[in-house]
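K.L.:
Here's the letter readout for the chains.
2 protein chains.
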Amino acid sequence: MEFEDVVRRRRIVRHFKPDPVEPDVIEHIMRITQRAPSAGYSQGQSFIVVTNPQTRRAIGRLCGETDDDPSPFRHHWVSEAPVQVVACVSEAAYHRRYQEPDKLRPDGTEIDWPVPYWWFDIGCSCMLFMLAVVNAGLAAGYAGVVDFGPFRELLGIPEDVTPVGVMPVGYPDKDIPSPSLARGRKGYEQFVRRERWDAGES
Amino acid sequence: MEFEDVVRRRRIVRHFKPDPVEPDVIEHIMRITQRAPSAGYSQGQSFIVVTNPQTRRAIGRLCGETDDDPSPFRHHWVSEAPVQVVACVSEAAYHRRYQEPDKLRPDGTEIDWPVPYWWFDIGCSCMLFMLAVVNAGLAAGYAGVVDFGPFRELLGIPEDVTPVGVMPVGYPDKDIPSPSLARGRKGYEQFVRRERWDAGES
Chain P
51 MEFEDVVRRR RIVRHFKPDP VEPDVIEHIM RITQRAPSAG YSQGQSFIVV
101 TNPQTRRAIG RLCGETDDDP SPFRHHWVSE APVQVVACVS EAAYHRRYQE
151 PDKLRPDGTE IDWPVPYWWF DIGCSCMLFM LAVVNAGLAA GYAGVVDFGP
201 FRELLGIPED VTPVGVMPVG YPDKDIPSPS LARGRKGYEQ FVRRERWDAG
251 ES
Chain V
51 MEFEDVVRRR RIVRHFKPDP VEPDVIEHIM RITQRAPSAG YSQGQSFIVV
101 TNPQTRRAIG RLCGETDDDP SPFRHHWVSE APVQVVACVS EAAYHRRYQE
151 PDKLRPDGTE IDWPVPYWWF DIGCSCMLFM LAVVNAGLAA GYAGVVDFGP
201 FRELLGIPED VTPVGVMPVG YPDKDIPSPS LARGRKGYEQ FVRRERWDAG
251 ES
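Chains P and V are the protein sequences, given in the same order.
Numbered per the numbering used here, the first sequence spans residues 51 to 252.
Numbered per the numbering used here, the second sequence spans residues 51 to 252.
The set of hints was computed from the structure by calculation and includes no laboratory data.
Treat each hint with caution, since some may be false.
All copies of an identical chain are treated as equivalent in the list; a pair is satisfied when it fits inside any one copy or across any two copies.
[Claimed, not checked] In silico EDC-like links for lysine to aspartate or glutamate, alpha-carbon gap of 20 Å or less:
| hint | residue 1 | residue 2 |
| --- | --- | --- |
| 1 | Lys236 | Glu52 |
| 2 | Lys224 | Glu130 |
| 3 | Lys236 | Glu150 |
| 4 | Lys153 | Glu115 |
| 5 | Lys67 | Glu130 |
| 6 | Lys153 | Glu141 |
| 7 | Lys224 | Glu239 |
| 8 | Lys236 | Glu141 |
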């Protein structure tokens with residue numbers, strides 16, 4: 051698909067058809083996702099692909115699904131998706147990389163990380179993933195992980211890896227758009243400034 | 051351009067031809083960039099487009115360029131680019147959004163932000179920007195901002211907005227690839243796990 055068509059069609063989806071997704075399609079999406087950049091090529095990003103129905107239901111519950119309340123979106127949209135992709139990032143991988151000789155400061159110490167690039171980079175990866183999903187004719191949602199511990203326990207994730215969010219993937223069904231979208235897109239002139247932040251302001 | 055071609059062609063570039071880039075092309079790129087998602091549609095992401103040669107040189111210096119040392123990449127690649135796009139994010143915008151009634155917890159308090167989504171979201175935006183740049187036949191680099199204060203002063207950025215990084219943009223010239231790439235891409239089996247993190251491990 052044309053790049054701009056992919057971007058324009060991408061949106062967060064919260065209702066999926068039960069049709070399974072071919073493993074090859076998921077692998078193709080993940081190989082595209084692996085092309086996201088990372089600070090110092092630390093590559094702290096990883097993903098867990100979950101299709102097992104019992105695990106998907108357990109992940110749905112960890113994302114707030116309950117038997118009596120199928121979320122404001124009227125569906126168990128996290129567990130109903132045939133595939134869940136759990137985005138993970140290892141902060142430790144960044145510290146290890148930036149303790150290598152070519153990344154140390156002249157005084158031999160690790161940089162201070164004014165920007166925690168592990169969060170930035172997993173954002174890059176998830177963005178690329180969401181676009182690759184649309185390019186494959188599928189759709190994805192996003193549920194943030196609130197409590198890391200139970201996810202680590204459920205999926206055998208080590209302590210130094212953070213499960214950041216769950217992206218349910220499948221063929222999209224008609225869903226209720228997020229009420230947040232009613233806020234509207236902010237003006238282009240607030241989004242992009244020219245030469246200075248305050249240019250044009252008195 | 052086809053989505054997958056854009057992804058495959060994208061890489062960080064650190065040498066640019068002096069040819070200017072049409073403002074319409076930059077605006078087109080930025081309008082695509084504005085389609086990145088954000089937590090609760092907070093839209094804390096903003097960008098400053100700098101073309102003024104004096105400001106570009108000042109930004110280059112803040113990124114470590116000196117008169118006698120044109121960086122390990124043998125070019126003043128930050129300041130030589132005809133356009134610099136400074137990625138900014140406002141953490142405050144996220145707190146304001148999540149203090150609105152529909153985002154408060156049942157006890158009336160703001161969420162704890164186990165993942166600081168302002169960094170994740172500006173990563174999403176920068177990823178989309180870098181792809182849009184390639185789609186426009188251009189290339190971009192990335193220089194992280196180390197010290198926020200001087201950038202805020204130079205560009206009139208408010209205290210509650212963080213200048214995260216500078217993305218020089220232009221027509222690519224032959225450059226020296228980052229030595230970090232010699233690390234090689236990590237194995238697909240380390241990048242993607244199936245069903246559990248430790249599946250397949252004993």
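K.L.:
For Lys153 vs Glu115, is the C-alpha pair at or below 20 Å within one copy, between two copies, both, or neither?
P.N.:
Answer is between: at 17 Å across copies they meet the 20 Å cutoff, but 44 Å inside does not.
K.L.:
Evaluate Lys236 and Glu52 at a C-alpha cut-off of 20 Å and name the case that applies: within, between, both or neither.
P.N.:
Answer is neither: 26 Å inside a copy and 28 Å across each miss the 20 Å cutoff.
K.L.:
My question is about Lys153 and Glu141: at a cut-off of 20 Å on alpha-carbon distance, are they close within one copy, between copies, both, or neither?
P.N.:
within (16 Å within a copy, 28 Å between copies)
K.L.:
One pair to classify: Lys67 and Glu130, alpha carbons no more than 20 Å apart. Within, between, both, or neither?
P.N.:
Intra 8 Å, inter 51 Å, cutoff 20 Å: intra-copy only.
K.L.:
Using 20 Å as the alpha carbon limit, work out where Lys224 and Glu130 are close: within a copy, between copies, both or neither.
P.N.:
The answer is within: 14 Å in one copy meets 20 Å, while 49 Å across copies does not.
K.L.:
Within a copy, between copies, both or neither: where do Lys236 and Glu150 come within 20 Å Cα-Cα?
P.N.:
So Lys236 and Glu150 pass the 20 Å test across copies only (17 Å; inside, 42 Å).
K.L.:
Given a CA cutoff of 20 Å, do Lys224 and Glu239 count as a within-copy pair, a between-copy pair, both, or neither?
P.N.:
Neither. Shortest intra-copy (33 Å) and inter-copy (34 Å) distances fail the 20 Å Cα cut-off.
K.L.:
What label fits Lys236 with Glu141 when the C-alpha limit is 20 Å: within, between, both, or neither?
P.N.:
between (32 Å within a copy, 16 Å between copies)
Hint check: violations occur at hints 1 and 7; the rest are consistent with the structure.
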